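Colleague: Residues per chain, in single letters:
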Amino acid sequence: MDLRALLEQPTEVERDAVDSLLGPAEPFNGRVMFGGHSARQQRHLLLPALHAVQDATGTVTRGALGYISERLTVPPAEAYGVATFYALFDVDSAGGSKAHVCDDIVCAQAGAEDLCSRLEADGVEYERSPCLGQCDRAPAVMYHRPGTGYGVSAPVAADTAGVFGFDDLSPGVVHQEASELRLLRRVGVVDPTSIDAYIESGGFQTLAKAKELGPEAVIEELKMSGLRGRGGAAFPIGIKWEGVRDAPGDEKYVIANGDESEPGTFKDRLVMEGDPFAVVEAMAIYGYVTGATQGYIYVRGEYPTAEKRLLAAVRQAAAAGFLDNFDLEVRRGAGAYICGEETALFASIEGHRGEPRQKPPFPTTHGVFQKPTGINNIETLVATLEVVANGGEAFARIGTDQSTGPKLFCVSGAVSNPGVFEVEFGTTLGELLDLAGGISGGSGFGAVLMGGAAGVFADESALDVPLTFEHTREAGTTMGSGAIVFFDDQTDFTAVLRRIAQFFRDESCGQCVPCRIGTVRQEEALARIGSGAALGSIEEEKVRLDDLALVMTDASICGLGQTAASAIQSAMRLGLA
Amino acid sequence: MFGAGGGTSSYQEIEETDLIIMWGSNAREAHPIFFHHVLKGIHNGARMFAVDPRRTSSAAWADVWLGIDVGSDIALANAVGREIIRQGLTNEEFIREATEGFDEYAEFVDDYTLARGEEITGVPADVIQQLSHEYGSAETAQLCWTLGITEHHNATDNVLSLINLALLTGHVGRYGSGLVPVRGQNNVQGGGDMGALPNKLPGFQDVEDDALRAKFESVWGAEIPAKAGKHISLMQESMDEGVLKCLYVLGENPLQSEADSQVMEKRLKGLEFIVAQDIFLTATAELADVVLPAAGWGETEGTFTSSERRVQRVRKAVDPPGEAWGDIEILSALARAMGHDWITPTAEEAWDEMRSLSPLHGGMSYQRLDDMGGIQWPCPDEDSEGDLFLHGRLWERPVTTMKAPFFPTPYAAPVDTLTDEYPMRLTTGRRLDSYNTGVQSGRYASPRRIHGVLDLSPEDGDSLGVQEGQKVKVTSRRGSVEAPVRFDRSLRPGLAFMAVHFPDDLDVNVLTIDAWDPKAGTAEFKATAVRVEALA
Amino acid sequence: MSVKATIDGQEVTVPEGTSILDACTQLGTDIPTFCYGPTITPANACRVCMVEVEGSRVLVPSCSRALEEGMVVKTGTERAEHSRRLVLELLGSASELDRSSDEVHGWIEEYGADSSRFGPDAETVAQPAKVQDDLYVRDYERCILCYKCVDACGVDHQNTFAITVAGRGFDAHISTEFDVTLPDSACVYCGNCIAVCPTGALEGKIAWDMKEAGTWDADAQEVTRTVCSYCGVGCNLDIHTQDGRIVDVTSPLDHEVTLGNLCIKGRFGWSFVHAGASEPEGAAGGTGS
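Residue numbers (our numbering), protein chains in the order written: chain G, 4 to 580; chain L, 52 to 587; chain Y, 585 to 873.
Hints are supplied without guarantee of correctness; some may be wrong.
[Said to hold, decoys possible] Computed list of lysine to any residue pairs in SDA-like fashion (alpha-carbon distance at most 20 angstroms, straight line):
(1) K367/L <-> D705/Y
(2) K320/L <-> I283/L
(3) K545/G <-> D698/Y
(4) K545/G <-> D705/Y
(5) K362/G <-> S603/Y
[As the list claims (entries may be wrong)] Label pairs and their in silico Cβ distance ranges:
(6) E436/L <-> L611/Y: 28 to 36 angstroms
(7) P767/Y <-> L301/L: 17 to 25 angstroms
(8) P599/Y <-> S197/G: 19 to 27 angstroms
(9) Y417/L <-> D838/Y: 14 to 22 angstroms
(10) L611/Y <-> Y417/L: 33 to 41 angstroms
(11) R499/L <-> V16/G: 28 to 36 angstroms
(12) E436/L <-> P599/Y: 21 to 29 angstroms
(13) Q44/G <-> K658/Y: 37 to 45 angstroms
(14) G828/Y <-> L515/L: 51 to 59 angstroms
(15) E436/L <-> P27/G: 52 to 60 angstroms
(16) R641/Y <-> E434/G: 29 to 37 angstroms
(17) E353/G <-> D838/Y: 29 to 37 angstroms
(18) V239/L <-> H40/G: 29 to 37 angstroms
Hints listed in this document are in silico derivations from the structure and should not be mistaken for laboratory results.
Bear in mind that the values here come from a model prediction, so they are computed numbers and not experimental data.
A virtual CB, placed ideally from N, CA and C, is assigned to each residue, including glycine.
Could you build all of it, start to finish, from the sequences and the hints given here?
Modeller: Shown next, in the form of structure tokens:
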């Protein structure tokens, strides 16, 4: 392409960072140059390249972006559009170390505001962040030190000196006994950094079994198991895998969606950090069954430990010969909730802004790079191992008729023992609350938010509802991503709702009008209500909010906009605000 | 090609072809909307090769760029031809049924080995081989060129050497496969269509053909000279010989647009009488004895013919200023003043008379041109919709019309040779926002304008010890100019470039050589030997 | 292959791949659009063309969804009209729509869209116009982020990629890299972005100046179709004249050579026609050099 180069040159550090990813640049020889289609096909390396310079310097300068553009044949404006889309790229800033302080609904209950004030007072470079997926150990900070990398401090010690020094590599606590568990049985028990430990615990036997069974039989087992997707849409997995396998074309992809960003959700982090080889094994089976020769594990940018563990796991598994004819790559997100939406995730892997696409066409035929693609979230993938290992029938006996298998729930907020709990479908919310030690601090039950920011608030009556797809649908609640956030009776729900509204405003990709402007108008209305400055009467504000909710739900491109009013509307129905 | 002069294909074909070769054409800048169609082809999966000494903005889109030495095109084409034959990628059926002279051609190009091709062109042999392989095996291919092929002393041979490749592979006369010379000026195709060529009457009808001439004479009521006239280079020769004494210049600026402008100035000043008919008082018009102010674009009616042979209406949107007249009015009045009984026809009346004589245009009434958004010739009658591509006849079996001949074309180096005294190759061309000598394009405020500069590789800048913007002296065997330097990373050391648009600031034609092609009359603007010196 | 479907109770048969919008147009049903353009891949972003499709949980964008066999489409339902009204209200609350087409003003009236209902403090995209050269003005307080300019500059036509959507959410905006000025960007001044802008956010300098000065009078203008005076590609031009002067040049969207696109010379290189004469009233500076 005829790119117009930027005037600014990269520094040596920036050039080295990019070259270490792409290899050294070939000098212009004046006689021959190969480019065209093959040059433009490197676009998918844009995020890794931006990460490389951001990691090295704490910023993406003009010189660095220009160099990346040139190396990857991506127009500078396009690269800029991509870089400014993702919260973790600091475009054209001074660089240096930085803290990302979670001030979302759970960490807010755990003193995030105080933490921000302390950092402010200490002159620490920080910015506020949406949920970091550390709700079981709030309040949380993710920090970045150029050249060293990202780390997470959670819970943050009272003195801010600890913010940058904390190197927590433990995946968090599993409160249940390993013997009672299926999906989480290795977490905290088997060394997640050693393939030998994994193999010793039975690892990669399921892959061998899958190959013994053959793709069709695996799909049959999956169908028999009744396993449905754990990401929120609850699509039958056997049918999905079969769809990818049967889709026309030789070039196919499978993707593990580890971009877990729904506020209040942290179960996939626990699995990726605590049992990374299981994710790799599941992906190897996914590729084998669908005929995909390329796989991606897309890990949330705020999960540095998970990324490290998965990179190491993939490397060891490949070296040990478990990934024959299957190229598995770990890709890191860069701070965009929307990229958990599957089509936005495709765009992100391709090196674009994480803007969702209209469906249909569906990923099964038109996924990443417009090729047939299978995509599942981490919990679902780990559950497929259970199906293949023990058979679909055995799996189907767990849970209820329509909601089979074990399920992970992330319980956080005003509870004594926040954490991830593995239970059978059909367990009630009240039983889950008991597992988490009940409402903390002797306060009373205020409300529960099920399914995260995109979910719904429920009152105490929800405690008796069995957690299944069918029961929650009937009760008008949702399991969504498995996030369960409890609030006590002292909660300022107006503030919580405003934070949720702000979350959607901040995380809207900006592509479609209902969501881009609707989320702003929604937040403005809640701010007015919160400050007692309603435009007209409160009733008029509610009509406006209802109108906004309807247009966002009806007319947004993707699930983000379609659910951006869900929690707020449910809270208003409950009279919480 | 093989008869009427025009590109064989339509723009839409390049959107659907498998392989695009841009040979000596920077269409991205010189023909931007044509390049839109190229880009659609690329996005539809076509592969692209660019053959150009510079890695131009067009070449930047190519899958493979071949940075040949200026003027070595024939050597490359012949080496490609030999390699296609050697690899067995010729279309034998097409060659047998639709062409003539293959054996002579094959024998002729046998000397042009890959090694010799590399030696002459500077392009590695394996890359020449790759081009050969892809052109030879593509299902469909479009071979496009512009002035990089034709502004040479051997322009005609350059073009023929490319045509040979299309004949070898059958990449002509089929939808998606063709030969595409993209025209540099709005109506240079139309000018040819209308017989503004020394040897043709309207519709490319030969002036030396008695029957054709008689047809025109009967309608025009006048006798037409039976001999072909002179093209512009021959005219210059005649001026030098003192034979040509009077020049009537319509809408041209030869003082600034022709090679070796110092010699051109002497020639023009040596004439007895010059009439200049133009919309501006150009440098040439300033030398004229009589200047006839003409109405320009937007002020008159008529037609243009585009590079895909599409004849389209041009219309009057505003009144001409002052005393300017349309060309038809001027010419008619002039005829009357010379004692002829001419009316002043409307553009449509003149057109209708022309199309009654030119079979290519017969069916192109103004009404049909309006209704159909232009028509691509040939369009012999009002039932014809025109043709998307030419030479489909070569795929009829048997071919009942003239078969397409191979023309063995010997490589000949540029006339202006590189020596120690003149070690650097200067080539010329256009930039995106400007046009020819800037008579029109110089009058709008382009934010992209690069005024008169010498483009050099940064390496040459270093060895000369000059910074960007610093002035240097550029000297050829004919003259010298001073120009600020601009670094262009798409140039290799030893190659320099100047645009032609700013003759008043920087007259590149002081440097260029007036060596010209004996068949086409085009001068070798593209290859000048120069010396560049830093100014103290 | 053709598909049979029902739109507002009427049975239609269209070629496979026909969008719901095109099918509606064939039936004479007016559906508002902003980001749709006949020469642009639908960005599917404005969401004003939503219709109800039986069996679909949410509304469906008619511009980018193909009509399917047996589909039952309803264009005038309460839900569809509610969405259109809200989208018009939201757009009007954030951006200046005063220079949008008469059609747009008609829709605002038809759907009873009241963009003032979000209050005087509703956040907008108001900002000073970017006047950085003599050819274009980028007046982004009128931008509705329909993506058409980006697509015209990008892969749909020009492939220059000088502008992109940068930022995210409400902060998303059309920008060059690092917001450098247009002359410092990759822009080649083809003006193909201007050609597709539906709201007057992108204008030729002369047109913008005249609109600011109140001297632009579209009703008094004549349009003459001709062919460009520069290279030999044969681009069709529409010359817009007012008071005997050229005030703008565009290209017809439906001509197969240009599809509405031009290069810098075709769109702006016409000032030689009026060389020596003064600028039209209201056009400050203009394109004379």
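Colleague: Each hint needs a verdict: does it hold in this structure or not?
Modeller: Hints versus structure:
no., hint, result
1, K367/L <-> D705/Y, "51 angstroms, violated"
2, K320/L <-> I283/L, "16 angstroms, holds"
3, K545/G <-> D698/Y, "17 angstroms, holds"
4, K545/G <-> D705/Y, "18 angstroms, holds"
5, K362/G <-> S603/Y, "14 angstroms, holds"
6, E436/L <-> L611/Y: 28 to 36 angstroms, "31 angstroms, holds"
7, P767/Y <-> L301/L: 17 to 25 angstroms, "37 angstroms, violated"
8, P599/Y <-> S197/G: 19 to 27 angstroms, "60 angstroms, violated"
9, Y417/L <-> D838/Y: 14 to 22 angstroms, "20 angstroms, holds"
10, L611/Y <-> Y417/L: 33 to 41 angstroms, "36 angstroms, holds"
11, R499/L <-> V16/G: 28 to 36 angstroms, "34 angstroms, holds"
12, E436/L <-> P599/Y: 21 to 29 angstroms, "22 angstroms, holds"
13, Q44/G <-> K658/Y: 37 to 45 angstroms, "43 angstroms, holds"
14, G828/Y <-> L515/L: 51 to 59 angstroms, "53 angstroms, holds"
15, E436/L <-> P27/G: 52 to 60 angstroms, "56 angstroms, holds"
16, R641/Y <-> E434/G: 29 to 37 angstroms, "31 angstroms, holds"
17, E353/G <-> D838/Y: 29 to 37 angstroms, "32 angstroms, holds"
18, V239/L <-> H40/G: 29 to 37 angstroms, "33 angstroms, holds"
Hint compliance for this structure: hints 1, 7 and 8 are not met, and every other hint is.
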